[in-house]
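*Asks:* Turn these sequences into a full structure, and let the hints steer you where they fit.
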Amino acid sequence: MHILGSVSLLQARLSTEMYCAPFRHRSPDMHRTHACVNGVCRSQPIHSQEGDSPMTTVDHIGSVPDHVDDKLVHDIDHYNIPGMHDNYCEEDIHQLWKNVQDTHPPVFWTPRYGGHWITTRYEHLQRVLTEHETFSSSELVIPTGVAPKFIPVQLDPPEHADYRKLLAPAFTPGKLNEVAANARAIAIEIIERVRPQGRCDFVADFASAMPIIAFLTMIDLPIEDADRLATMLRNADPAAPDAAEAWAQMAAYLSGHIEERRAAPREDVISSLVQAEVNGQPLTPEEVLGMCLLLLAAGLDTTALMTAFAARYIAQDRSCREELAANPDLYGVAVEEFARRFGLSSIARLVRRDTQLGDATLREGDLILAVTSLGGLDETVNPDPMRLDFDRRRARHTTFGQGAHTCIGMRLAKLELNIFLEEWFSRIPDFWIADGPAPRMSSGLTLKLHELNLEWPTD
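All residue numbers in the sequence shown are consecutive under this note's numbering, ending with 494.
These are computed hints drawn from the structure, not numbers from a lab. Predicted, not measured: the structure shown is a model, and the values here were computed from it. Some clues are possibly wrong.
[As the list claims (entries may be wrong)] No farther apart than 16 Å at their CA atoms in a straight line, the calculated lysine to aspartate or glutamate pairs in the EDC-like style are these:
#, residue 1, residue 2
1, Lys210, Glu312
2, Lys449, Glu321
3, Lys133, Glu414
4, Lys184, Glu321
5, Lys133, Glu457
6, Lys184, Asp303
7, Lys106, Asp394
8, Lys184, Glu168
9, Lys200, Asp272
10, Lys184, Glu280
11, Lys210, Glu280
12, Lys449, Asp272
13, Lys210, Asp255
*Replies:* Laid out in structure tokens, this is it:
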């Protein structure tokens with residue numbers, strides 16, 4: 036099939052599944068009234084609450100299955116958790132999630148998006164991420180059907196390994212050093228441009244721009260498309276009303292470049308995927324597109340968001356700022372702490388067989404959301420987890436996943452975080468959050484910081 040045909044299929048699948056998939060867990064008798072627990076009825080759908088986002092309407096609320104213990108039912112919407120209003124908050128979004136972790140069972144059921152489990156503690160997150168025979172990666176996003184299929188992260192072992200190794204040449208030490216050198220040059224250019232101004236929106240001017248431009252260079256896509264692609268990715272968040280359309284736009288954008296590489300291959304990762312084979316068979320157009328979409332989504336978002344959250348914390352903590360400015364030898368440890376403290380993702384898994392997870396009885400076909408951003412904030416494995424501690428050693432977290440699905444771009448993300456520290460602190464060692472509206476944060480597939488207005492002395 037021609038790649039443009041794949042895009043048409045993707046558009047059709049998204050427009051259909053977006054509305055059908057959330058109902059997969061509803062009971063046949065869901066409109067009957069039965070006893071309610073924690074405000075959630077076993078067979079009667081609950082209605083959206085005041086302040087709920089457009090995604091959390093009655094159409095996305097499921098009933099509670101019989102195998103779910105009443106004590107484990109809690110109405111939590113991961114796009115609009117307690118403390119958020121209309122999908123945004125001005126408080127630390129990681130602290131709001133920490134509050135959920137501290138006040139709810141380690142594994143609990145929410146009726147949102149047709150009903151699914153949520154797990155928040157390191158012990159259970161580790162199981163969900165590594166026990167592939169029980170927890171399948173075939174579903175990655177809740178609600179289901181809003182995003183395309185990402186390859187290889189939505190494949191289970193052993194099939195997963197055959198596709199993952201196709202991406203490995205793009206992440207060799209030599210390739211990463213090339214990307215890091217380019218990212219450093221971009222970082223220096225940006226910092227030198229904003230430094231005389233004494234202020235900037237750190238998210239737009241630096242945190243997003245540096246890794247996006249470096250990544251586009253890495254996969255040989257036009258740098259001038261950076262803003263356009265960033266807008267598409269922002270609109271592709273499952274909480275956004277036009278998420279399906281945004282994913283289709285990204286697919287259409289990539290399809291043109293894939294066809295160019297098919298006609299005239301280059302020395303880049305897209306060309307290698309177009310020419311790749313698995314088990315003696317060339318990749319299908321859908322597989323090439325799915326892998327390119329994964330690279331694009333991960334490459335444009337992860338480092339930018341983690342850098343932004345780290346800068347916000349440092350800007351609010353003078354002692355932390357002074358310690359980093361005075362001790363560049365701490366940067367390696369600091370990067371590890373950033374990864375632990377500022378995890379970003381919540382990823383779904385499909386339960387493949389009945390199992391027990393903590394006090395919860397999970398049945399085949401259930402969905403479970405692993406809030407991987409909370410693994411490093413679990414005090415049972417990391418004491419005083421909300422504090423950046425540069426004396427901390429061997430911290431445990433789930434920020435980059437675990438097991439076969441450990442993030443292939445983890446080393447690149449850490450390199451770029453280190454570049455931020457080295458180049459920013461050597462030029463702007465003291466900075467703070469500017470007066471005015473507080474930075475907005477949001478939750479969902481990833482935790483986001485939408486703006487961060489910083490100021491610093493110019494003399």
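*Asks:* Would you mind marking each hint as holding or not holding in the structure?
*Replies:* Results for each hint:
1. Lys210 to Glu312: Roughly 22 Å between the alpha carbons, so the hint for Lys210 and Glu312 is violated.
2. Lys449 to Glu321: Given that 16 Å is the threshold and the Cα spacing comes to 31 Å, the pair is violated.
3. Lys133 to Glu414: This hinted pair holds, its Cα atoms lying about 10 Å apart.
4. Lys184 to Glu321: holds (9 Å)
5. Lys133 to Glu457: violated (30 Å)
6. Lys184 to Asp303: violated (22 Å)
7. Lys106 to Asp394: holds (10 Å)
8. Lys184 to Glu168: Since the Cα atoms of Lys184 and Glu168 sit roughly 20 Å apart, the hinted pair is violated (cutoff 16 Å).
9. Lys200 to Asp272: violated (28 Å)
10. Lys184 to Glu280: holds (15 Å)
11. Lys210 to Glu280: violated (33 Å)
12. Lys449 to Asp272: Not satisfied, since the Cα-Cα distance of roughly 24 Å exceeds 16 Å.
13. Lys210 to Asp255: holds (13 Å)
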